[in-house]
Amino acid sequence: MPDTVQLKQIASQIRRDIVRMVHAVQSGHPGGSLGCTDFLTALYFKILQHNSSFNMDGNGEDIFFLSNGHISPLFYSTLARSGYFDVKELATFRKLNTRLQGHPTTHEHLPGVRVASGSLGQGLSVAIGAALSKKLNGDKHLVFVLCGDGELDEGQNWEAIMFAAHHKVDNLIATVDFNGQQIDGSTNNVMNLNSLKAKFEAFNWIVIEMDGNDMDDVVAGLDKAKSLTGNGKPICILMKTIMGKGVDFMEGSHEWHGIAPNNDQLAKALAQLPETLGDY
Amino acid sequence: MKLKDIQVLNEKETRGGFGEGIHEIGIENENVVVLTADLAGSLKLGPFIKDFPNRFVQCGIAEANMIGIAAGLTIGGKIPYTTTFANFSTGRVYDQIRQSVAYSDKNVKICASHAGLTLGEDGATHQILEDIGLMKMLPGMTVIVPCDFNQTKAATKAIASYKGPVYLRFGRPKWPNFTKEDGSDFVIGKAQQLSEGTDVSIFACGHMAWKAIEAGRILEEKGLSVELINIHTIKPLDVDAIIKSITKTKCAVTVEEHNIIGGLGDSIAQVAAKHFPIPIEYIGTKDVFGESGTPTQLLTKYGLDSPFIVDAVEKVMKRK
Numbered sequence: 029m030p031d032t033v034q035l036k037q038i039a040s041q042i043r044r045d046i047v048r049m050v051h052a053v054q055s056g057h058p059g060g061s062l063g064c065t066d067f068l069t070a071l072y073f074k075i076l077q078h079n080s081s082f083n084m085d086g087n088g089e090d091i092f093f094l095s096n097g098h099i100s101p102l103f104y105s106t107l108a109r110s111g112y113f114d115v116k117e118l119a120t121f122r123k124l125n126t127r128l129q130g131h132p133t134t135h136e137h138l139p140g141v142r143v144a145s146g147s148l149g150q151g152l153s154v155a156i157g158a159a160l161s162k163k164l165n166g167d168k169h170l171v172f173v174l175c176g177d178g179e180l181d182e183g184q185n186w187e188a189i190m191f192a193a194h195h196k197v198d199n200l201i202a203t204v205d206f207n208g209q210q211i212d213g214s215t216n217n218v219m220n221l222n223s224l225k226a227k228f229e230a231f232n233w234i235v236i237e238m239d240g241n242d243m244d245d246v247v248a249g250l251d252k253a254k255s256l257t258g259n260g261k262p263i264c265i266l267m268k269t270i271m272g273k274g275v276d277f278m279e280g281s282h283e284w285h286g287i288a289p290n291n292d293q294l295a296k297a298l299a300q301l302p303e304t305l306g307d308y
Numbered sequence: 290m291k292l293k294d295i296q297v298l299n300e301k302e303t304r305g306g307f308g309e310g311i312h313e314i315g316i317e318n319e320n321v322v323v324l325t326a327d328l329a330g331s332l333k334l335g336p337f338i339k340d341f342p343n344r345f346v347q348c349g350i351a352e353a354n355m356i357g358i359a360a361g362l363t364i365g366g367k368i369p370y371t372t373t374f375a376n377f378s379t380g381r382v383y384d385q386i387r388q389s390v391a392y393s394d395k396n397v398k399i400c401a402s403h404a405g406l407t408l409g410e411d412g413a414t415h416q417i418l419e420d421i422g423l424m425k426m427l428p429g430m431t432v433i434v435p436c437d438f439n440q441t442k443a444a445t446k447a448i449a450s451y452k453g454p455v456y457l458r459f460g461r462p463k464w465p466n467f468t469k470e471d472g473s474d475f476v477i478g479k480a481q482q483l484s485e486g487t488d489v490s491i492f493a494c495g496h497m498a499w500k501a502i503e504a505g506r507i508l509e510e511k512g513l514s515v516e517l518i519n520i521h522t523i524k525p526l527d528v529d530a531i532i533k534s535i536t537k538t539k540c541a542v543t544v545e546e547h548n549i550i551g552g553l554g555d556s557i558a559q560v561a562a563k564h565f566p567i568p569i570e571y572i573g574t575k576d577v578f579g580e581s582g583t584p585t586q587l588l589t590k591y592g593l594d595s596p597f598i599v600d601a602v603e604k605v606m607k608r609k
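Chains as they are written, first to last, in my numbering: chain S, 29 to 308; chain X, 290 to 609.
None of these hints come from the bench; they were simulated from the model. There could be a bad hint or two in this list.
Pairwise CB distance ranges, derived in the manner of DEER restraints [what the hints assert, rightly or not]:
hint : chain 1 : residue 1 : chain 2 : residue 2 : range
1    : X       : E317      : S       : I287      : 30 to 40 Å
2    : S       : G111      : X       : S331      : 16 to 26 Å
3    : S       : G88       : X       : T536      : 51 to 61 Å
Derived DSS-like pairs (lysine-lysine); straight-line CA-CA distance at most 30 Å [said to hold, decoys possible]:
hint : chain 1 : residue 1 : chain 2 : residue 2
4    : X       : K539      : X       : K452
5    : S       : K163      : X       : K604
6    : S       : K163      : X       : K339
7    : X       : K425      : X       : K604
8    : S       : K168      : X       : K604
Ideal Cβ placement from N, Cα and C applies to all residues, glycine included.
Bound conformation, chain X alone (with noise of 0.2 Å):
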């Protein structure tokens, strides 16, 4: 299980996915509810829209609300998924997810597209890099971060039947897809081993275990043993497969786009310290705001692209 064997089927967006997800599901499931803050088309709600209207609720440009509103539809026992972009989906609405949906143990999919630096060109206002923290913070909330178009695909369909209140974070761009198209290696709260290795543990999740896949491979041709696990389901946190991992390599590398404070990384570092105390590297955002640009060029600005990945992996190797 070598980094080089992973084939990439295609480049597609992570919010297509959840597209076509929600319309399966909602194929499956007639519970399931689709509402929106006037993005439907940015969530890719169109197949849903047009076979469901009577499950759609356009709810305007009004997040409070629409998560009031979701929080009511399951009394009653329907699935509701809200859905807008990341900033609008949680910190602007954190009051709304934590008395009416967490604390009430609302059965709510909260879906935010357009998460982290990769939104590129929208700046700061857009790209929020704190949702995790937030997100994982709330009591008996599930946050989600699948890394491609399948996973993602996987993930909208399963939480339909995975009961409490979800964040199920993806993005904008066209980004690798290289998961298992029927979705059969997804699931919720079982990390995936991407590949097995004895030198470091690199635990990555969203659009970022791509670029985990880019560095080990550089890593790989270096000779090095490279054991590269996808954190998609951040809470509940795979706790048995991090001790695994790292009682072998004894280091770790953690890679997220988000805020090093608050995200992947903590959630790591604690099982590290409280189970096996090991030399941690981190990649993400250093506690500061996004800007415009291209993804590209954000994710080399902001230090998050595959040769950072690479140099934290040498430099957390010498710390053993």
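Only chain S is shown next, with the shape it has when bound in the complex (with noise of 0.2 Å):
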């Protein structure tokens, strides 16, 4: 199992994989690829109980689903780097006859991927769904999900905080990626979130909060979060990060949500992380 250090090195290698497949093709999502790296690094390796070789249905293995679709390069290379496909495929990313589309999808057979996303606000309906089949089943194992702040704007989500509590779905944990910011600005102009704590605790839900760029609080947080479940309530983690984390000049800021960088900022970006597994 790798400690904190070996965790930072793969993130620095996924972090260097999204920038060089968004620059690649001049298209797609750096700002919260980067900011979430170092949630899905710990979550896929250390946190989930999964198997390599994959299976759509996931009995006997804990889930993940990824609500914020845009979000995909991380997706892509985490699933990579955990070893679901070949690393060489992200170079493939976004071009026409990929497995790697702009937003995840189950359409072309993708390891690792267990519904399309990308038009927000669809994925925790779905990983509900996906644990109360696990509770059907009588599986211990648990969903996890990420979803973005911005992307709680769309309704559909608090129908499914709502369903979530009412029938005591306690083995799901609902990440929410806390940047503040979505594409047309920070989330207090365009629709302000105010107290997200107070709104999923109102819904009946545990909240925990953690920082979602420190490797060794993102470890502890979901640790928490896993040793909370099965108490009759789903657990919502609130997961503070910097859009862009890893590349200076993209941190902060909603205007690297959706494009790539040019050729100098891509020399720029990987100088300020290291390549620690190898690039694709």
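Could you fit the two chains together into a complex? Lean on the hints.
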């Protein structure tokens, strides 16, 4: 099991993959991908009890859903680096005939993806359904889902949040990437979320807060969330992150939500991200 | 095989056929899970809920979430049936169905009651007339519109073992029940021939199959040879059966409780245009919304009742 130092090394490589993938096709979403890299690295390399040989039903293993599908570069790199498919395939991201579509899909049978996402607000419901399926099957493993904070503008989430508490879906850990940014600006300006903690608690969820860019805190937060499962309440992790984390000129700005670095910017970014596992 | 020989067994609601079918398939298949959005009573789920409370999921009035949960339930091998009115099963949740179900190849059965004008007094907010079009346009979606209680029951059971997303459309009122009680005359994707004839092909679906029988009987009395085919599966369409019929009769009338734009008629016309162009007349709503009224009043006002089918047949035969 990797320690914090090793997890940070993996995260550095995944961040390199993200900026290289987005640069190569001059499209994609680097900001949110970089912000959530520490989280997904800890999840896939330390927390999830999962099989690298992919099975859609995911019986007998923990499963993860990405609701904010636009951070697909992060998802693809993490899946490849965890052994779901060859890292060389990352070079096909967003290109014609690829399995690595702009937003994740099951349609091309990419191992590790269990539902399409991209049209926002749908992943939490799907994760709840999968959690119910595990309960019906007597499977004690957990379901994880990552949502964006801007994505919580979508009303379907609040239907799902109400449902999960009412039906005591306590084998579910939903993490919100609370970076405070969405496409048109800060969440405070576009659609104020006010206190997400109070909102989730009012809906009868357990809420944990963690720093999503501090690897020790991420691991501790996820461990704590796991320890709280099975108590009749769904669990929400409010994860503070910095959009663009790891590349100084991208950090903290919504402007890097969905644009690609040019050649000079790529070089500057890669200089800040040590190559630890070998570039694809 | 004449229309006058068809025996009506009784009059029952097609949604009642769904309720009986879902209970029976629940007994036979332990992976069947039923979801509803606060309409368990309207969808006749009582027996299923009584016998399988753990496989019933009440979602409240939150259809978008219901569709997503159904998509998630398939992961792990469940066969979820979502239940609500047709309007809330389709238009309200189109993107959820498109992304989480159809594009994700999920084995979800979307079961929709109270479709069409025959919903009656509730009016246009609830009488969706666009749902067949919406659903048939989704790649990979199967669309089934059974004609009576027995056929709805048979379809409800059959779709459990038919892999992939399905839209099953049925309705509210009591309606003549005439197909076989054991459902042996229903096969997904196989058109059901109700009469053989040489003068005209009538293609109908749902409640309108019975209206087409009524019309066909009048035409038979007038000495016409009517070929009536129940297209209970709009997609995948039984193209061979349609071509075989229209090459013989050389004209057709399509009959549906749906907008003539995007429904059964469009599907038949596409087959004809490609394989054997013939004159076609369309019975359905003419790109309008419905309104409050009794089912019979509405079918008359909107031009769907049997006399309109008779007129359409006489008109199309003159165009041959």
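Out of the numbered hints, which ones does the structure contradict? 1, 2, 4, 5, 8
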